[in-house]
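Trainee: Residue numbers (the UniProt record's numbering), protein chains in the order written: chain Z, 1 to 236; chain R, 1 to 236; chain A, 1 to 236; chain Y, 1 to 236.
Some hints here could point you the wrong way.
Here chain Y is said to cover these stretches of chain Z; the calculated rule only asks that three of the stretch's residues, wherever they fall, bring their Cβ under 8 Å from a Cβ of chain Y [stated by the list, open to error]:
id : region
1  : 81-89
2  : 189-202
One-sided excerpt, in silico: chain Z residues whose CB lies under 10 Å from chain R [to be verified]:
id : residue
3  : Ser75
4  : Gly108
5  : Gln214
Quick list of in silico lysine-lysine cross-link-like pairs, DSS-like style, CA-CA up to 27 Å [what the hints assert, rightly or not]:
id : chain 1 : residue 1 : chain 2 : residue 2
6  : Z       : Lys19     : Y       : Lys53
7  : Z       : Lys133    : Z       : Lys19
8  : A       : Lys224    : R       : Lys51
9  : Y       : Lys19     : R       : Lys19
10 : A       : Lys180    : A       : Lys224
The hints are simulated quantities; they were obtained by calculation from the structure and are not laboratory data. Please read these numbers as outputs of a predicted model, since none were measured by experiment. No residue lacks a Cβ here, since even glycine has one placed at the ideal position from N, Cα and C.
Protein chains: 4
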Amino acid sequence: MLLQRLREEVLEANLELVKRGLVLYTFGNASGVDRDQGLVVIKPSGVDYDKLKPEHMVVTDLEGNIVDGELRPSSDLDTHTLLYREFTGIGAVVHTHSEYATSFAQAGLPIPAYGTTHADYFYGPVPVTEPLKDEAIQGRYVHETGAAIVERFRQPGREVDPLAIPACLVAGHAPFVWGKDAHDAAHNAVVLEAVARMAFRTTLLRANCEGVSQALLDRHYFRKHGASATYGQRTK
Amino acid sequence: MLLQRLREEVLEANLELVKRGLVLYTFGNASGVDRDQGLVVIKPSGVDYDKLKPEHMVVTDLEGNIVDGELRPSSDLDTHTLLYREFTGIGAVVHTHSEYATSFAQAGLPIPAYGTTHADYFYGPVPVTEPLKDEAIQGRYVHETGAAIVERFRQPGREVDPLAIPACLVAGHAPFVWGKDAHDAAHNAVVLEAVARMAFRTTLLRANCEGVSQALLDRHYFRKHGASATYGQRTK
Amino acid sequence: MLLQRLREEVLEANLELVKRGLVLYTFGNASGVDRDQGLVVIKPSGVDYDKLKPEHMVVTDLEGNIVDGELRPSSDLDTHTLLYREFTGIGAVVHTHSEYATSFAQAGLPIPAYGTTHADYFYGPVPVTEPLKDEAIQGRYVHETGAAIVERFRQPGREVDPLAIPACLVAGHAPFVWGKDAHDAAHNAVVLEAVARMAFRTTLLRANCEGVSQALLDRHYFRKHGASATYGQRTK
Amino acid sequence: MLLQRLREEVLEANLELVKRGLVLYTFGNASGVDRDQGLVVIKPSGVDYDKLKPEHMVVTDLEGNIVDGELRPSSDLDTHTLLYREFTGIGAVVHTHSEYATSFAQAGLPIPAYGTTHADYFYGPVPVTEPLKDEAIQGRYVHETGAAIVERFRQPGREVDPLAIPACLVAGHAPFVWGKDAHDAAHNAVVLEAVARMAFRTTLLRANCEGVSQALLDRHYFRKHGASATYGQRTK
Chain Z
1 MLLQRLREEV LEANLELVKR GLVLYTFGNA SGVDRDQGLV VIKPSGVDYD KLKPEHMVVT
61 DLEGNIVDGE LRPSSDLDTH TLLYREFTGI GAVVHTHSEY ATSFAQAGLP IPAYGTTHAD
121 YFYGPVPVTE PLKDEAIQGR YVHETGAAIV ERFRQPGREV DPLAIPACLV AGHAPFVWGK
181 DAHDAAHNAV VLEAVARMAF RTTLLRANCE GVSQALLDRH YFRKHGASAT YGQRTK
Chain R
1 MLLQRLREEV LEANLELVKR GLVLYTFGNA SGVDRDQGLV VIKPSGVDYD KLKPEHMVVT
61 DLEGNIVDGE LRPSSDLDTH TLLYREFTGI GAVVHTHSEY ATSFAQAGLP IPAYGTTHAD
121 YFYGPVPVTE PLKDEAIQGR YVHETGAAIV ERFRQPGREV DPLAIPACLV AGHAPFVWGK
181 DAHDAAHNAV VLEAVARMAF RTTLLRANCE GVSQALLDRH YFRKHGASAT YGQRTK
Chain A
1 MLLQRLREEV LEANLELVKR GLVLYTFGNA SGVDRDQGLV VIKPSGVDYD KLKPEHMVVT
61 DLEGNIVDGE LRPSSDLDTH TLLYREFTGI GAVVHTHSEY ATSFAQAGLP IPAYGTTHAD
121 YFYGPVPVTE PLKDEAIQGR YVHETGAAIV ERFRQPGREV DPLAIPACLV AGHAPFVWGK
181 DAHDAAHNAV VLEAVARMAF RTTLLRANCE GVSQALLDRH YFRKHGASAT YGQRTK
Chain Y
1 MLLQRLREEV LEANLELVKR GLVLYTFGNA SGVDRDQGLV VIKPSGVDYD KLKPEHMVVT
61 DLEGNIVDGE LRPSSDLDTH TLLYREFTGI GAVVHTHSEY ATSFAQAGLP IPAYGTTHAD
121 YFYGPVPVTE PLKDEAIQGR YVHETGAAIV ERFRQPGREV DPLAIPACLV AGHAPFVWGK
181 DAHDAAHNAV VLEAVARMAF RTTLLRANCE GVSQALLDRH YFRKHGASAT YGQRTK
């Protein structure tokens, strides 16, 4: 079977989302990319999680053309493939309607960097897209959803590095999250939801909370990322 | 036993409400209708969920006259039967006091369409009835509860299609939800509660949030409903 | 063993509080009274719930003198016995620090009757005591806690019937709840917490929500209580 | 194996944090001190909780020099050791990002003493540090985190006794909690989170809630602490 290991990783990431309570019924999907072969492995659309097996995963190319699989791919496929084409450093994409992150997305607000939990994973506020225009919604909607994310990350003067902030809220919709592999992307999605829960409560406690300093953001982010990371056990 | 399959479906819907945390003790009920025979199958009143069996379900006609069953029907029977008589396209009704939807009902506020999770199931805000008048409360109260729902959906200039928005909040009380069958109605009730949780938090984050555009409402609702639905696996 | 059946009922009520998530560690206690013998059965103080057995329950008279038992009674004993002496129609008392009811108590606010879930159990707002005076706190504090409850229910012009509203919030502390027997008191405590959760959210959604009408309060309360109750299966 | 019993206690405390829902993934750590030997036992960094065994614990001296152990100690080690050096009456330290306490820390607000649940464990508001200065963040950051706690407790005119209030919020970060031993410290961390949940809701219900009186604070705190404690079963 094509891409056996990636299928298993993508399935595990999908199941992690369920286990952590990020997914109600079938409201979520994870995919992974094999950069060498230019192939994407993604969850099929609307299938119950407890019946999912590696062989149910759908394989497409980077344009979303189905290469292998009997089932329809997730209806969000075109957002995933666009992110893979534009953010070439990422290895997996996760989409959920996890409730607190989605509440920020519905309010059209970024998730501010209020503390070190946030800073350990996201090197600044998690941005939110502009609302999609009617033409975009009525056109290639799923593609346009990805385009809104990319546009936000490349907005002149407000650029965001997708490797430093591996998530975006789509206004009126929900978060998309990514990572270096499927495990990492699912992990980031779980932390994003925890960070959103805490940001929600922090906002209610102090409406105009300033958030962490740049120095704290630097310290915590680089503690877990980059060449001088000091967290966890050193890989030998 | 009369209507064996419908009894099982109605029982399963009742148990789904418990499993999903929508019901405390015995605060909820589901029913289904057999349109050909003009018969309603409904949960008995005040019986513990873990003791419920298909044969405990009560069968009535569309006027609420008991046709089969040893136990008393749910005390909300007259609301269910009125909805079946007035909304002829629906196949099942669910009533819970699920906590977030009930909080909106208690506040006398509709649940705004803040995002695509909402739009996938409800084609606009979930409406709330007017408060019942004293005469209605002191009269045929359970019937009048249904009448308030029907009145809200048929309010001149603000008509709501019960097939496009399969739920209503009864002011000061709790939600009633319906669907094409018992599984569908219970599913809608679970999603309504998730949507209410997110709407509550969205409102607190942004008091005057506008909600999704008509274009987004159209796109998401028709993605899952109607002839051109694209979500899930095509039935062959 | 003295009062074997009552010991079992009181133990079951204590365990129901744990099962329903109202109790953290040992923060709660339930008791019951045998009116014929004038004896109270109460949980011992600070013992882990998973080790509790009927023989650990402590038996006292209505003045709190220990009649049977090796262990110290709950430190809240004097509140329980005062309530039994003053509210002669009640058969059991439950005290928890269940979090939402306690949040209202800490805020010094009653729980308003916002909906029919409330009205099914509590025939009006759940009252809150006045803050205890320093002399009361420094004196017979546990007794004075009960006295503050009784005083609130007998406040001239604002009298409350303890059989119609079987709960009171002690300001800055937490709820006391009662019922006709231990099962009923624990059930009321669980519903009180659900009602408090919904009242909290209703208040946040609509700061000056009026609450249900007297007519609705009457209809729902008398549906489950008194000679003309229509809820549940008729006892033959 | 060195300090076998302390290793087991520290492991149990770490697992209690997980069991009570205070820890997501590896976001937490507990340690204990052997005052006679001047040795600290602490959780290793970034190891999954379900794989932790007593022999994985790391042993250091009070300056943080590793005395025994194959794995890296928790990255928060220098905060723990500073607290042991400065607060000589404490026997264990716990650090979590438990969500409600962390939300207060992110907002830069103390947790007010709103009720008796709080007063049973914390003899006054749980304080919050000043935000760390950039130089401190860029310098010996983990050490400086502990220094900010100590500085807050020794602030002239606002001194706090670490044995009477066994917790501190680090601004923009999360709580540190301590106790007489590892079991006690973990227990305090669990109660702190419950108290924070209730304080959050109390604040939303009543923005300028005054909190409990000094008399009530005295009564409840000394009920569970000190020579005249009356709670629980007397140790013989």
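Trainee: For every hint, state whether the structure bears it out.
Mentor: Results of checking the hints against the structure:
no. : hint                 : result
1   : 81-89                : violated (count 0)
2   : 189-202              : holds (count 8)
3   : Ser75                : 5 Å, holds
4   : Gly108               : 7 Å, holds
5   : Gln214               : 25 Å, violated
6   : Z:Lys19 to Y:Lys53   : 25 Å, holds
7   : Z:Lys133 to Z:Lys19  : 35 Å, violated
8   : A:Lys224 to R:Lys51  : 21 Å, holds
9   : Y:Lys19 to R:Lys19   : 22 Å, holds
10  : A:Lys180 to A:Lys224 : 14 Å, holds
When the structure is compared with the earlier hints, violations turn up for hints 1, 5 and 7 and for no others.
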